[in-house]
Amino acid sequence: MSSKLTVGISPCPNDTFMFDAIINKKIDTKGLDIDIQLLDVEELNKKAFKNELDITKLSYFTYAQILDNYILLNSGSALGFNCGPLLVSKNKFDNDFINQIRIAIPGKNTTANFLLSYAFPKAHNKVDYLFSDIETAIVNEDVDAGVIIHENRFTFESKGLIKIMDLGEYWQGSTGFPIPLGAIVVKRDIPEETKIQFDNLLKESIQFALDNPESSKEFVKQHAQEMQDDVIQKHIDLYVNEFSLDLGIDGKKAVNKLINVTKELGMIKDQPERIIVEV
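In this note's numbering, the protein residues as written are 1 to 279.
Just so you know, the hints here were simulated from the structure itself, not pulled from any lab data.
Note that the structure is predicted; figures quoted are calculated from it, not measured.
Note that CB positions come from ideal geometry on N, CA and C, so glycine has one too.
Some hints could be false.
[What the hints assert, rightly or not] Computed spacing ranges between beta-carbons, pair by pair: (1) 93 x 264: 25 to 31 Å; (2) 267 x 99: 14 to 20 Å; (3) 264 x 81: 32 to 38 Å; (4) 157 x 196: 25 to 31 Å; (5) 218 x 99: 32 to 38 Å; (6) 121 x 253: 19 to 25 Å; (7) 81 x 121: 48 to 54 Å.
Taking the hints into account, I'd like the entire structure generated from these sequences.
Structural data, given as structure tokens:
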């Protein structure tokens with residue numbers, strides 16, 4: 001029996017790499033009829049708040065806010081060490097001054113914004129930008145600094161920008177946990193069997209991509225916004241790892257830590273008892 005599922009992912013290389021085998025039918029989708037939408041992660045976050053997609057990529061900070069409607073898959077996460085957002089600028093600022101400057105963020109519901117608030121809780125002068133426009137906004141001095149994510153961590157120095165703080169490094173040093181950045185979640189009201197089936201399918205798709213790295217290159221490049229091949233590969237190497245295949249014990253602890261911190265900061269209320277699909 002065919003099950004129609006609306007699935008949202010971003011056009012970023014880690015997502016297109018992981019989903020290539022599903023989208024392009026390189027593996028058996030086991031009767032699941034999947035309708036894929038490719039959107040910027042903050043657009044996906046907004047859709048998740050509206051409960052629009054059956055399965056979606058989103059920021060872990062968004063997931064913490066919509067736990068009642070969605071549950072986390074074991075596979076597909078962008079989570080790890082030394083892969084967090086960077087706070088960058090044209091000029092060096094003392095940490096005490098960060099609270100006063102104008103900072104570009106890639107969306108208020110992104111984990112990047114959460115990590116900025118975690119490091120600088122009094123920094124409130126924030127401006128939303130599409131993540132790929134933040135470097136230009138800083139260079140043009142439309143803002144004083146910005147939080148960059150994805151491939152921009154590999155390109156900011158070539159634009160004459162400097163790192164103020166590695167927000168992921170700050171999280172790791174403070175908590176001892178890897179950084180939960182992006183998640184794949186599924187609606188809670190979808191049948192349990194379908195949740196498990198898709199979780200296993202995505203894991204198979206990721207393993208296929210890792211085993212056949214050349215297979216997805218054309219599809220990834222097609223959606224990579226004119227990114228250079230070496231930057232694409234660095235992006236995949238950084239964000240697709242053992243946590244992407246399966247969160248495992250350490251990954252689940254990190255996710256719980258992020259949710260607990262958002263609760264301690266008064267950003268969310270109580271959470272449901274079960275936050276991850278049991279496979």
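Right, here's what the structure says about each hint:
As the Cβ distance of residue 93 to residue 264 is approximately 27 Å, the hint placing it in 25 to 31 Å holds. Between residue 267 and residue 99 the CB atoms are about 19 Å apart, so this pair conforms to the stated range of 14 to 20 Å. For the pair residue 264 and residue 81, the beta carbons lie near 23 Å from each other, so the given range of 32 to 38 Å is not met. For the pair residue 157 and residue 196, the supplied restraint of 25 to 31 Å is violated, since their beta-carbon distance comes to about 44 Å.
The supplied range of 32 to 38 Å is broken by residue 218 and residue 99, whose beta-carbon atoms lie about 46 Å from each other. Distance hint check: the CB atoms of residue 121 and residue 253 are about 23 Å apart, consistent with the given range 19 to 25 Å. Between residue 81 and residue 121 the C-beta distance comes to about 24 Å, which lies outside the given range of 48 to 54 Å.
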